[in-house]
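Listed here are the chains, written in short residue letters.
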Amino acid sequence: MNDAAVRARGLTRRFGDFTAVDAITFEVAAGEVFGFLGANGAGKTTAIRMLTGLLRPTSGEASVAGHDVRTEPDAIKRSIGYMSQRFSLYEDLTPRENIRLYGGIYGLPRSEIRRRTDHLLERLGLVSAADELVAGLPLGWKQKLAFSVALLHEPDIVFLDEPTGGVDPVTRRQFWEMIYEAAASGTTAFVTTHYMDEAEYCDRLSIMVSGRIAALGTPEELKREHGVDSIEDVFVRLARGGPEDS
Amino acid sequence: MKTDVVVRDLVRTFDDTTALAGVSFEVAAGELFGFIGPDGAGKTTLFRILATLMAPDRGSAEVLGYDVVDDMWALRRRVGYMPGRFSLYPDLSVLENLSFFASVFGTTVARQYDRIAPIYRQIEPFAARRAGALSGGMKQKLALSCALVHEPEILFLDEPTTGVDAVSRREFWDMLQGLRDDGLTIVVSTPYMDEADRCDRVALLDGGRILRIDAPAALGRTYGRPLLAVRGGDRYRLLKALRELPHTASVYPFGASLHYTDARADAAPEALAVELRDALAAAGFADADVRPIEPDIEDVFMALMGAAA
Chain A
14 MNDAAVRARG LTRRFGDFTA VDAITFEVAA GEVFGFLGAN GAGKTTAIRM
64 LTGLLRPTSG EASVAGHDVR TEPDAIKRSI GYMSQRFSLY EDLTPRENIR
114 LYGGIYGLPR SEIRRRTDHL LERLGLVSAA DELVAGLPLG WKQKLAFSVA
164 LLHEPDIVFL DEPTGGVDPV TRRQFWEMIY EAAASGTTAF VTTHYMDEAE
214 YCDRLSIMVS GRIAALGTPE ELKREHGVDS IEDVFVRLAR GGPEDS
Chain B
4 MKTDVVVRDL VRTFDDTTAL AGVSFEVAAG ELFGFIGPDG AGKTTLFRIL
54 ATLMAPDRGS AEVLGYDVVD DMWALRRRVG YMPGRFSLYP DLSVLENLSF
104 FASVFGTTVA RQYDRIAPIY RQIEPFAARR AGALSGGMKQ KLALSCALVH
154 EPEILFLDEP TTGVDAVSRR EFWDMLQGLR DDGLTIVVST PYMDEADRCD
204 RVALLDGGRI LRIDAPAALG RTYGRPLLAV RGGDRYRLLK ALRELPHTAS
254 VYPFGASLHY TDARADAAPE ALAVELRDAL AAAGFADADV RPIEPDIEDV
304 FMALMGAAA
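Taken in sequence, the protein lines are chains A and B.
Quick note on numbering: my numbering labels position 93 of the first sequence as 106, and the sequence is numbered without any gaps.
Quick note on numbering: my numbering labels position 60 of the second sequence as 63, and the sequence is numbered without any gaps.
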């Protein structure tokens with residue numbers, strides 16, 4: 014076990030003669046909010062699949078929560094939470110059932126699941142909707158519930174793949190406060206987003222272009238380096254250099 | 004000035020959900036008009052009604068002088084519609100998709116080439132590629148080409164930039180402004196507030212209602228309360244400290260800074276900045292940077308959401 018929540022060294026993945034991820038090297042410290050940016054097709058999804066133990070690297074190495082992605086993918090899956098915009102909750106289950114399901118998948122004892130369920134529903138203000146189908150809940154509630162469910166087994170690191178797409182501006186900000194709160198209690202957050210203002214909320218971020226990490230640092234450092242006022246401008250400068258087609 | 008869209012008190016419900024709760028607006032000919040709102044605001048329902056794919060429960064909508072229900076067939080030939088979900092044939096090539104849409108409307112790609120060229124040329128090198136194998140940005144350009152291939156007089160684009168990266172989004176808006184400059188009327192929806200500035204006028208939509216319609220630059224002037232940008236130190240702690248102050252109306256993270264709205268509508272912003280700096284210094288934030296700013300569309304949207312709730 015070391016201090017880094019994520020450590021990648023020359024991590025590479027090829028599909029045939031196409032190199033999706035090209036020898037990326039970076040670290041994410043424990044408790045950090047880390048933004049993982051890149052244009053569509055830059056290699057983000059492939060990198061995340063390797064870091065979450067779903068895809069074997071072609072070469073290079075990486076560890077997540079102290080576990081090697083090649084040799085300990087199952088230990089990684091137990092140490093991480095994952096939430097994406099597309100898949101997170103079962104729509105035809107209730108919030109209570111979703112929590113119980115995920116608690117069971119992560120092997121929490123029944124009494125513990127019950128305890129955490131009550132606590133969580135109360136904290137989210139979802140007690141009155143606890144037994145209604147998730148499908149009928151407002152999107153903002155779903156997002157918060159999905160995030161809480163991803164944290165149910167108290168993972169060291171949570172991967173958030175475009176968690177706020179299409180969400181209204183108030184809910185989007187409330188969601189980021191939940192990320193800060195989780196980070197303040199030591200959970201590392203690894204976030205992708207297309208909202209460039211959200212990139213500014215990260216402690217540090219990386220920008221992938223054509224399979225490589227083209228920029229890595231705090232938002233302030235990156236803006237200074239490129240002599241621009243916003244991360245959007247940094248992003249546009251870097252991403253224009255790479256081919257959009259992949 | 005000619006009016007291309009006239010919508011009056013449009014209502015549409017699905018079971019217990021009210022998607023549109025009485026929406027009225029007009030779009031002038033040649034305008035680039037944006038609907039800005041989050042998922043669930045009613046954007047897609049509205050666009051389906053305007054594109055004659057769904058009938059409203061109540062109210063009326065006229066496009067190019069045709070009623071969207073009674074004159075549906077006459078209208079269909081004249082509107083271009085790009086649905087939010089990618090709806091082309093993934094197993095057909097780029098060119099096959101385009102030729103198909105042209106033939107449905109009794110024309111050909113060759114005959115329409117000049118019209119679609121500004122957009123189509125960017126994907127033409129991939130004409131033989133399966134549409135399903137295109138990147139997000141290229142799919143979007145193909146969908147726009149298909150929506151343009153029958154020479155529509157008005158375009159309805161439902162969330163064309165959702166899920167698309169910041170670079171492709173910028174390019175897409177450049178294309179839309181180009182089409183507008185050529186005289187095409189465009190009605191477009193987006194969940195991205197920062198895209199409002201690219202429109203001539205925008206309607207802020209939430210919960211099936213229009214919160215406000217105005218030119219992007221004019222929206223900020225309706226805010227009505229002093230707004231200050233604050234930065235310095237640990238953002239999360241700073242946010243909590245600002246919320247504790249006695250005259251706080253709201254505090255939200257905005258990119259690299261926090262936006263603080265003061266509840267005292269008539270207070271002078273410069274004096275407030277001094278007051279806030281002192282209060283923060285007392286709370287342990289020695290060198291917080293505080294300055295009055297102009298509200299942007301997201302500030303306005305959030306304030307209106309709060310007022311409507």
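None of these hints come from the bench; they were simulated from the model.
All values reported here derive from a predicted model rather than from experimental measurement.
Don't take every hint at face value.
Pairs of lysine-lysine residues, derived as DSS-like cross-links and limited to a Cα-Cα distance of at most 30 Å, are as follows [claimed, not checked]:
| hint | chain 1 | residue 1 | chain 2 | residue 2 |
| --- | --- | --- | --- | --- |
| 1 | B | K5 | A | K155 |
| 2 | A | K236 | B | K243 |
| 3 | A | K155 | A | K90 |
Results of checking the hints against the structure:
1. B/K5 x A/K155: With Cα atoms ~43 Å apart, B/K5 and A/K155 exceed 30 Å; violated.
2. A/K236 x B/K243: 26 Å, holds
3. A/K155 x A/K90: Roughly 23 Å between the alpha carbons, so the hint for A/K155 and A/K90 holds.
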